[in-house]
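Undergrad: Listed below, chain by chain, are the residues.
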Amino acid sequence: MSTVFQRVLDNITRVRGVRGAMLVAGEDGLIVAESLMEGVRGNAVAALAASLQKRFRQAMEAAAVGMPHFLHLQGEDGTLIIVPAPDGMLVVAVGAPDMNVGLVRLEMLRAAESIS
Amino acid sequence: MTETRAVEAWTLEPLERFVAESGARLTLLMTPAGQVLAQHGFMRAVDVMSAAALGAAIVASTGEIARMLDQHEFAALNHQGVQHGIFLGAFDTPRGGLLALVVYGPDSSAGLVQLFFEELARGLVAATPAEEQPKAVLAANFEEELDRSLASLFGR
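The listed protein sequences derive, respectively, from chains A and B. Numbered as in the working numbering, the first sequence ends at 117 without a single skipped number. Numbered as in the working numbering, the second sequence ends at 177 without a single skipped number.
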């Protein structure tokens, strides 16, 4: 894995409560780089997160409110966050329900900036 | 409305689920010899026959390249176009190897197709009926068998 990718993923997974982070090709839904705890189905999360982001993008375009910057899905047992990078790549993080979303968001936005 | 149709009834439910979840536009389920078991989205018999023959030929060709490279056969092949992508995957079932040829559009992705293809393979393995004596397709009844298969695939 490229050291740049490794470094940005490390910065995200260092936040307490984060179970994994990935860089995903937005159009393909395929993993570019990953740092995941055991038990997280990376390929499934990548494919479904990319599909979800595509649908949200279409919905926001239809509503004429611009492109999504940050998608945050809160579940009973965890959290999924997607940040689209300008070049079509997605930064995806999976974490515990009580993880520090603000800090993760900051690291993911930094990651999106640095990989573009 | 496009329909999913099967020559072998046990393939229908896993294939319908795959199509619904992956968003595939066209799907062909066949043997490595190009004999079609089920299809979704094709409107004409001639398209099914051509796609099956081409899909089987691609898998045979890549299999031969893998053999020359002293590798295992390639499990899947994905060809991404501007509007559409083609995914060709092989898997084993208790009844032997099968191939899935999938054409997907911009509302799906290589990742989604790959993900649900794995579930399709698992579903088909689980749905495979108990072993029965395979019917030999002889030259004498080949045309009759082909007509019967095409009638099943297109509801005629």
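I should point out that these hints are in silico values taken from the structure, not numbers from a laboratory. No residue lacks a Cβ here, since even glycine has one placed at the ideal position from N, Cα and C. Any given hint could turn out to be false.
Unchecked claim - Only pairs whose alpha carbons sit at most 20 Å apart, straight line, appear in this in silico SDA-like list of lysine to any residue: (1) K55(A) <-> M70(B); (2) K55(A) <-> A41(B); (3) K55(A) <-> V28(B); (4) K55(A) <-> S117(A); (5) K55(A) <-> Q104(B).
To be verified - Covered stretches of chain A (in silico footprint by chain B; criterion: 3 or more residues with CB under 8 Å from a CB of chain B, positions within the stretch not fixed): (6) 23-30; (7) 48-56; (8) 74-80.
Undergrad: State for each hint whether it applies.
TA: Results of checking the hints against the structure:
A hinted pair counts as satisfied when its Cα atoms are at most 20 Å apart, and K55(A) with M70(B) does not qualify at roughly 34 Å. For the suggested pair K55(A) and A41(B), the alpha carbons sit about 17 Å apart, so the restraint of at most 20 Å is met. A C-alpha spacing of about 35 Å is found between K55(A) and V28(B), which places the hinted pair above 20 Å, so the restraint is violated. Annotation: proposed proximity of K55(A) to S117(A) holds, straight-line Cα distance about 19 Å (limit 20 Å).
About 15 Å separates the Cα atoms of K55(A) and Q104(B), which keeps this hinted pair within 20 Å; it holds. Evaluation of the coverage hint for the region 23-30 of chain A: fulfilled, as 5 residues show C-beta separations to chain B shorter than 8 Å, against a requirement of three. Counting residues of the region 48-56 of chain A whose beta carbon lies closer than 8 Å to any beta carbon of chain B gives 5, which meets the minimum of three for the stated coverage. Counting residues of the region 74-80 of chain A whose C-beta lies closer than 8 Å to any C-beta of chain B gives 0; at least three are required, and the coverage claim is violated.
In summary, the numbered hints that this structure violates are 1, 3, 8.
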